[in-house]
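K.L.:
Listed here are the chains, written in short residue letters.
There are 2 protein chains.
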Amino acid sequence: MKLSEIGELSLLKTIRKRFAVQSKDVIAGIGDDTAVIRPPGENLLVTTDMMVEGIHFDLNLITPFQLGFKLVSVNVSDIYAMGGTPQYLLLDIAMNRNKEKSFVDSFLDGIRRAMKLYGVFLIGGDISSSRKDMVLAAALIGNAKRHIRRSGAKIGDRIYVTGNLGDSACGLEILKKAISHHPPQAESAISKEPTAKSYPLTVKYKQKGLKWNTIAPLIQRHLMPEARNPKGFAKYAAAMIDLSDGLFMDLSRLCDESRVGARIFLERIPVSGRMRTVSSLLRLDAIKLACSGGEDYELLFTAALYPPTPPLLRGGAGGVKITCIGEITKRGRVVIDAAGRESQLKPSGYQHFEIQR
Amino acid sequence: MKLSEIGELSLLKTIRKRFAVQSKDVIAGIGDDTAVIRPPGENLLVTTDMMVEGIHFDLNLITPFQLGFKLVSVNVSDIYAMGGTPQYLLLDIAMNRNKEKSFVDSFLDGIRRAMKLYGVFLIGGDISSSRKDMVLAAALIGNAKRHIRRSGAKIGDRIYVTGNLGDSACGLEILKKAISHHPPQAESAISKEPTAKSYPLTVKYKQKGLKWNTIAPLIQRHLMPEARNPKGFAKYAAAMIDLSDGLFMDLSRLCDESRVGARIFLERIPVSGRMRTVSSLLRLDAIKLACSGGEDYELLFTAALYPPTPPLLRGGAGGVKITCIGEITKRGRVVIDAAGRESQLKPSGYQHFEIQR
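Listed in order, the protein sequences are those of chains D and C.
Be aware that the first sequence starts at 1, since it is given in our numbering, and climbs by one per residue.
Be aware that the second sequence starts at 1, since it is given in our numbering, and climbs by one per residue.
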C-alpha cells in the first residue's frame, strides 16, 4: 500500500501510537503544536543533521531499516562529541507519495532500534511529501554536565581517535564494486543486518578470495554505524569532535577552533586488518580511506600529557579502543610518514556543493 | 557566483559571521558539534517544520527573501500556538550546487529579518547539497511559563480566531491566476516586499477592476506571513492551535485532542473585505478559502464564557483582532449557515501524500 492511499493523518496516528513516550519529563510529545519537556540539565545540547537522497544515501545500497538507524546515529554522534547524553529526538521526513507503507514501517523500525540503543525519546517532527528525492532530518536534544568543545585543545596535548578509521568508506566501496546485486526494498523489513545472502559477492572478487566474514563488518559500519559513547574517557578530553567528513578535514576544524597546529604520525592511524585486506584486493588506498574517507562516526579528542591517564595509556576505555595518533603543536598541520618524512596535512574530505570526482 | 564555486565551508563561515550570537545564555553557537545553551525556563517548547520545493513553495512565485522569512514564521507560529516565547533557531538547508550565492544571501536576509522581528537567535543547523529540489527545515526552541495545549477545550468554551481567514489562500490564487509574470530570482534581493512593479496584474483582471492596493496585503499574507503573538490573550485561553492546514482541519484536531465537539457559525468567520472583492472577481468561493484554504497562520483558541474577559468581549487584544466563531459542545462538529441550517463540518484542508485536485 502506498502513502497516497494512507494519507498523512493516518501515518501520523500510527507514528504517535508506536512512539508513545512514558516519561514524566515529557509533558507533551507528538500531537500538539510543539513538544513540551522539562529541561534535562544545566547545559542543553542541541544539534540537527540532514540526510538527502542521492547525496547522503542511495536507496539501492541501504535498506530503510538501516537508513532510519543511521539517521539517529549521526545525530547522536554529535551529542557524544560534546561529551553529552542524547535524550529527545524530532524527525523531519519528506518522501514521495508513491513510497510503500512497508518502506516507512521498516524505516521507523530502524529509528526505534537506534532510539532504544541510545536511550532517546521521539517527541515531535514533521511529515511532508516530496516530488522526488527523500529528505530526512533530525534534531536532537541532550545535556552535558561538562561539555567538550572543539576549541579546547592546548599545545602539547596528545591527539587520540577511537576505533578504526576508514572501515565505513571501505564498506561503501565494497557495496559499489564487489556486490553483484543489492537487497531489494521489499526484503528490507527482514534484512535488518547485512547477510551474505542479501549482499552476494561478485564472481570476480569471490575468485580473488574476498570472503563475507571479511566484508560484513565494513558494510555494517557504513550502513548502520553506531555512535561512540565517550563515557569512559570524556573526563580526560580537552577538545573533541566526531569524524564524519574524514580525519584530516575534521582535525583541521578542531585545530581552527582551538587556534593550534597538529602533527600526525601516519603509521599510528588505526586501520583494521580486514580493511587493509579488502583495500588491497579492490586496489584502494587504505591510508587515504582512513584519512579522508569520511562517515567514520568515531571520535577524535585531545588530552593533556600530564597527569598520565591510565585508560589512554592502556589504549582503551569502556570497551572502546583508543589510539594516540599525534600531538597538538603551536601552528601548522603536518603529517609524518613511516620513514619520518614530513608533509603538509591537506584537509581533504567531503564538502557539499563541490563537483564530485 | 554559484554554490559549487564557493563550497560548503566558505558558506558556513559566512553564515557564522553574519549570525554571531551575543547572549550569555548561548554558551556555544554555530561552529561546534552541537549548540550549547542554558535552558530558557521551566517548560521547554520544541518544534520543527519543513518547507519542500514543489510542495510548500514554488520559486516562480516566492522570492528567496520571502522564503527565508516564511520558514521562520511558520515555526514561530507553532511556539505562539502553545502560548510560548520563541528563542533558539536551528536551520537545515538542502539546495542544488548550481544555486546562485545571491539567492542564498537573500534567503538569509529573510531569515534575519524574521529573527529580528521575533527576537530569535540562530544557534546551529546543517547544510547539504541536493540533486534537484530545495528542502528547508527549521527547529525552534522556546519556553512558556504556562503552555496551552490543544487538549484543554471544555464544553461551553467559546471558540475564537485571530485576524481574518482565507487571505493567504486568496493571495496564492492571485499569484497563480492574476499576475502576468513573477519577480525574477535575480531581482529578489531588492523586492523584499511585494510591489506593483514586481507583481503586474494581467490585462484581463485590470480591466475587471482589480487594483494593486486590494491584492497587495493578500499576496503579502501568503508570501511573508507574520505569526500571531498571543501575548494579549493567552492567559484566557484553555486550548489553542495555529491555523496552518485550514480552519476546519485544525479545529477538528483541537476537538480530537480535547475529546469534544464544536458548533461553528459560518457568517461569524472573519473574512476581509478585500478577500471578498478579489474572490468575487476571480470567481473563488470566499467561505471555502476561509474554512479550508490553509496557511492562515492565525490562532484558534477556546476560552471559558465565565468570568467575562474584556479583551475577548471587545474583539481585540494587543492590536490583534479576535472573533468568536462558535462554541465547544459535547460531541459532533456542526456548521450553521446564515439561514440557521445545520450541516456536518468536514475537516477538509491540506493533507500530504493526497493526490491533489
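Some hints here could point you the wrong way.
Intra- or inter-copy, both count: the list cannot distinguish identical chains.
EDC-like mimics (lysine to aspartate or glutamate), calculated; alpha carbons at most 20 Å apart, straight line [unchecked claim]:
1. Lys206 x Glu53
2. Lys177 x Glu42
3. Lys101 x Glu8
4. Lys197 x Asp133
5. Lys101 x Glu354
6. Lys206 x Asp25
7. Lys132 x Glu53
8. Lys208 x Asp285
9. Lys231 x Asp105
10. Lys321 x Glu226
11. Lys24 x Glu42
12. Lys13 x Asp105
Since the hints were made in silico from the structure, they are not lab data.
K.L.:
All hints, please: hold or fail.
P.N.:
Taking the hints in turn, this is what the structure says about them:
1. In this homomeric assembly, lysine 206 and glutamate 53 never come within 20 Å of each other (Cα to Cα): the closest approach is 30 Å inside a single copy and 45 Å across copies.
2. Taking the shortest alpha-carbon separations for lysine 177 and glutamate 42, neither the intra-copy value of 48 Å nor the inter-copy value of 53 Å comes in at or below 20 Å.
3. Only within a single protomer do lysine 101 and glutamate 8 lie at most 20 Å apart by alpha-carbon distance; the minimum there is 11 Å, versus 35 Å between protomers.
4. Proximity of lysine 197 and aspartate 133 under a CA criterion of 20 Å is satisfied in neither setting, with 28 Å inside one chain copy and 36 Å between copies.
5. Proximity of lysine 101 and glutamate 354 under a CA criterion of 20 Å is satisfied inter-copy only: 14 Å between copies versus 35 Å inside one chain copy.
6. Taking the shortest Cα distances, lysine 206 and aspartate 25 never come within 20 Å of each other, neither inside one copy (53 Å) nor across copies (58 Å).
7. For the homomeric pair lysine 132 and glutamate 53, the shortest alpha-carbon distances inside one copy (9 Å) and between copies (10 Å) are both at most 20 Å.
8. In this homomeric assembly, lysine 208 and aspartate 285 come within 20 Å of each other (Cα to Cα) only inside a single copy, at 18 Å, whereas the closest approach across copies is 71 Å.
9. For the identical chains of this complex, lysine 231 and aspartate 105 are neighbours neither inside a copy (32 Å) nor across copies (41 Å), given an alpha-carbon limit of 20 Å.
10. In this homomeric assembly, lysine 321 and glutamate 226 come within 20 Å of each other (Cα to Cα) only inside a single copy, at 14 Å, whereas the closest approach across copies is 52 Å.
11. Taking the shortest Cα distances, lysine 24 and glutamate 42 sit within 20 Å of each other both inside one copy (18 Å) and across copies (13 Å).
12. Only within a single protomer do lysine 13 and aspartate 105 lie at most 20 Å apart by alpha-carbon distance; the minimum there is 13 Å, versus 39 Å between protomers.
Going through the hint list in order, the structure does not satisfy hints 1, 2, 4, 6 and 9.
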